[in-house]
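Protein chains: 2
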Amino acid sequence: MNLILIHPSEIDAANRVVLADGRARHIIHVLKATPGKKLRIGRLNGPLGEGRIERVEGSAVVLECTFETAPPERPQIDLVLALPRPKVMKRLWAQLAELGIGRIVLLRAEKVERCYFDSHVVEPGFFNELLFEGLQQARCTHLPEVLVRPLFKPFVEDELDGLFASHQKLLADPAGAGRLDDVFQPGRKTDRAVLAIGPEGGWTTYELDMLRTRGFGLFGMGERILRTDTATIGLLSMLADRMHAR
Amino acid sequence: MNLILIHPSEIDAANRVVLADGRARHIIHVLKATPGKKLRIGRLNGPLGEGRIERVEGSAVVLECTFETAPPERPQIDLVLALPRPKVMKRLWAQLAELGIGRIVLLRAEKVERCYFDSHVVEPGFFNELLFEGLQQARCTHLPEVLVRPLFKPFVEDELDGLFASHQKLLADPAGAGRLDDVFQPGRKTDRAVLAIGPEGGWTTYELDMLRTRGFGLFGMGERILRTDTATIGLLSMLADRMHAR
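Here the protein sequences come in this chain order: B and W. Heads up: the first sequence runs through residues 1240 to 1485, numbered per my numbering. Heads up: the second sequence runs through residues 1240 to 1485, numbered per my numbering.
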């Protein structure tokens, strides 16, 4: 936990926060912090700041908060991901928040089992905690917006263009002969990109066509067949590296 | 499991293999394969090939194997990793094999707890199974060579130069001001690279100096503080992307 993340509703009019959950335990038992000590804090979807420990009362910690004026930049990358099996998705949540994603769409595809969408891993009560964990690791305050879409066609036909109107659109699939650099446009006048990653068996030809028609540039990742979480982390890192380089 | 990986000692003089473990269960219950069906196989540290199911006897499968003449290219990237905490290292093993690493050195650093080296996660009996899992996922036959080194100084002074004599040497640390492209030399006449990744708290100045003196080029990964496994997968993907691009 490299940042104590605070929800706006937890902050009172005098900029004080009382923590009594895992964050307090972390401050008391891991950081072994005492009154007067200043901690790095962040307001959810807002600015970073500093929390001075006013007092420790049993298992609760009272912080006096000061925040910077402006929040850090919103992550520039969005993700459309064919929902992997629940075990893999569970591992991935915190890592997505760590890497910094603006919006995550979890999408059905033909090679995605429908029952994955009944799993608790796509419920906010489950994944928000993991996203918070990732944000606190990476010192980020921007909670990714999560959309769960169990129907491919209506999402692509009715929502996709509106959600990613000005984005550079990239489509990863084993069917792609080229590499990321063959489709990524470093000089393009947009500061956002969306990456679509299919199921381990790949998108179907129909799905690829639907996405390509809407401006997605297809590329591959070489011969190795990676588990979805490995591929996702690798591709997001490669893309972030290029967005930074512009 | 996208490949059935077979140890050379399992293959008899007539190129037959009898499988009776998880591989057989996978063939019978997941692939639902029957006699005559051909499966993608690989000989550990050797070539890829094809296994024709000769018969299924209870829970055992008999394969008749043919192998290609030459093994696939050995992965071009080696890794020196400050051993992360056991829980994180456990998650990482299969993913390292998936991504394709020639040699993995797990190293002590000042900010690595010594007790991590007493964990079962650094015992071959534990990690080989996870490495196999990653190889079978990625359709790779090259088992990474693993060296566990609980002492930083003697490893760096006595072994490092010999192990990575002709390698391009790269050093990831939050202290690095530049990015990978500032130190990576795309035109260099070597086909191997070694990437050194420190603990989450970073290498110490002494450790950085020791590695830089031996030719490692220092770079950073931006402002986000990533968990070791996320950083490792991201950096290895970025590097593989560049090695391929040459």
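It is worth saying that the hints were derived from the structure and are not from the lab. There may be inaccurate statements among the hints.
No copy labels: a pair is met if it fits in one copy or bridges any two.
To be verified - Pairs of lysine-lysine residues, derived as DSS-like cross-links and limited to a Cα-Cα distance of at most 30 Å, are as follows:
| hint | residue 1 | residue 2 |
| --- | --- | --- |
| 1 | 1277 | 1392 |
| 2 | 1350 | 1329 |
| 3 | 1271 | 1350 |
| 4 | 1276 | 1392 |
| 5 | 1392 | 1326 |
| 6 | 1329 | 1276 |
Okay, the hints, checked on the actual structure:
| no. | hint | verdict |
| --- | --- | --- |
| 1 | 1277 <-> 1392 | neither (51 Å within a copy, 35 Å between copies) |
| 2 | 1350 <-> 1329 | both (19 Å within a copy, 28 Å between copies) |
| 3 | 1271 <-> 1350 | between (49 Å within a copy, 18 Å between copies) |
| 4 | 1276 <-> 1392 | neither (53 Å within a copy, 35 Å between copies) |
| 5 | 1392 <-> 1326 | within (26 Å within a copy, 40 Å between copies) |
| 6 | 1329 <-> 1276 | neither (35 Å within a copy, 35 Å between copies) |
The earlier numbered hints that this structure contradicts are 1, 4 and 6.
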